[in-house]
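Chemist: The chain contents come next:
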Amino acid sequence: MDTRSLTTPFTDDDVASLRAGDLVRISGVIYGARDAAHGRMVEALERGEPQPVDLRGQVIYYVGPAPAKPGHVIGPAGPTTSGRMDPYTVQMLEQGVKGFIGKGYRSDAIKAALVTYRAVYFAAVGGAAALLARHITASRVVAYPDLGPEAIRELTVVDFPAIVVNDVWGGDAYKKLEVGD
Amino acid sequence: MMIRQISVNRVQDAVRDLLIELAYRLPADYLAAMHVAREEEPSSLGGDILTMLLDNAAYAEAERIPTCQDTGMAILFLEVGQDVHFCDGDLNQALHAAVEEAYRDLRKSVVDDPLLRRNTGDNTPPIIHYEIVPGDQVHITALMKGFGAELMSRLRMMPPSEGVEGVKRFVLETVKLAGPNACPPLIVGVGLGGSFDTVALLAKKALIRPLGEPNPQPHLAQLERELLESINDLDIGPQGFGGMTTALAVHVEAYATHIAALPVAVNLNCSAPRVGKLRIED
Ligand code: SF4
Chain A
1 MDTRSLTTPF
11 TDDDVASLRA
21 GDLVRISGVI
31 YGARDAAHGR
41 MVEALERGEP
51 QPVDLRGQVI
61 YYVGPAPAKP
71 GHVIGPAGPT
81 TSGRMDPYTV
91 QMLEQGVKGF
101 IGKGYRSDAI
111 KAALVTYRAV
121 YFAAVGGAAA
131 LLARHITASR
141 VVAYPDLGPE
151 AIRELTVVDF
161 PAIVVNDVWG
171 GDAYKKLEVG
181 D
Chain B
1 MMIRQISVNR
11 VQDAVRDLLI
21 ELAYRLPADY
31 LAAMHVAREE
41 EPSSLGGDIL
51 TMLLDNAAYA
61 EAERIPTCQD
71 TGMAILFLEV
81 GQDVHFCDGD
91 LNQALHAAVE
101 EAYRDLRKSV
111 VDDPLLRRNT
121 GDNTPPIIHY
131 EIVPGDQVHI
141 TALMKGFGAE
151 LMSRLRMMPP
161 SEGVEGVKRF
171 VLETVKLAGP
181 NACPPLIVGV
191 GLGGSFDTVA
201 LLAKKALIRP
211 LGEPNPQPHL
221 AQLERELLES
231 INDLDIGPQG
241 FGGMTTALAV
251 HVEAYATHIA
261 ALPVAVNLNC
271 SAPRVGKLRI
281 ED
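Heads up: the sequence lines are chains A and B, in that order.
Residue numbers 1 to 181, in the working numbering, belong to the letters of the first sequence in order.
Residue numbers 1 to 282, in the working numbering, belong to the letters of the second sequence in order.
Hint data in this document are derived by calculation from the structure and do not stem from the laboratory.
Built from N, CA and C at the ideal position, the CB exists for glycine as well.
Taking lysine-lysine pairs in the DSS-like style, the calculated list, with each CA pair at most 30 Å apart, reads:
| hint | chain 1 | residue 1 | chain 2 | residue 2 |
| --- | --- | --- | --- | --- |
| 1 | B | 176 | A | 111 |
| 2 | A | 176 | B | 176 |
| 3 | A | 176 | B | 168 |
| 4 | A | 175 | B | 176 |
| 5 | A | 176 | A | 111 |
| 6 | A | 175 | A | 111 |
| 7 | B | 277 | B | 108 |
| 8 | B | 108 | A | 69 |
| 9 | A | 69 | B | 277 |
| 10 | B | 168 | A | 175 |
Facing chain B, according to a computed beta carbon distance under 10 Å, are these residues of chain A, among others:
| hint | residue |
| --- | --- |
| 11 | 77 |
| 12 | 133 |
| 13 | 148 |
Construct the complete structure from the given sequences, taking the supplied hints into account.
Modeler: Have a look at this one:
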């Protein structure tokens, strides 16, 4: 299968060119944030306060890395379940986020919002955290250091492997499973 | 009768060492099943994902870093011979200390209260289950349980009329709802019977059985085979991108129950099934 290389920040043309099921390699800066950081960012927005990072064109990676072994820039850093971030995702899209990396289903409302705001949802391989961390060449906490593994991190990635799950055309790489049949 | 004295310090050291090993090294039975699955997986993306998970396991073991960033909550099962006396301190405290020491270089994923949610900072407390058995041996099974899969686990108190078909429907529904969220390939633990509390424990115990070992009762072993086949026909596949490796094994554990109910619980384990056992030596 073909693999596309992409560099952050993403342009509208970048996201428009991706299709569900595409394998991609992402390079550049991405932002690591999970449950607690999303809660704080959205609270800050609701109070009308500025965001800790400018998210226009950026990619958010749902990750809470393990501590780094001495000599490593980061510990194992695989994706966490994305659906838990659904309640915060529209606000992130309003900030101009163009990509999200995680694992697992998004709600129908978020899939529709990805089409409206023209952003892409990618999956990384859950459980492959040690290998994924090899694609992270720098890591720096940029906000909420008190949240420990849940702080916001600026991560520099090189050829980070991901799969397009939801594209801006409504495509979905996860199989539809009817429950209750 | 002789009472065997066992120092809690010995238990603490043994549990700590086991947990550290489990963080870095996935069980041999799991890796063997993954190698077989990779040979048989018809989906090319599915096969690539299985290869990546196997490479990840080898790399983590060689580097001595965790296979997955989520090293979970520590769940400990102690089978304690009734002729054992624990000395030199408090056994529960020793187990807490073992967890604290083991997680020193691992991610701290435990909060003190489900609503207040303050990180305890040392991954304690563990969840501890005790069972008293005959003899003077102590066997401990540790499970470092990732919560991506735990979050997708389910329990239902069914009326008996739903029978085995109802059980199958509920298990399949749980796997479908979990889909990619639980990091398939999965190990599916099914508890049947008992009461509301024990059926969940049975499902968890199903996850610590050696991978693919059938239930000794023929009707339950048959149920395991049928469930595994149906689950792998769902075409969820590795990480949910399609394929026949959705689950590596289904284990069913059952217990007596009341005439009014058919309790069923499904506990899922993920691509990082860290399970290990030890016996306390003299
Ligand atoms: S569900 Fe398992 S493999 Fe997936 S991220 Fe959690 S611990 Fe890791």
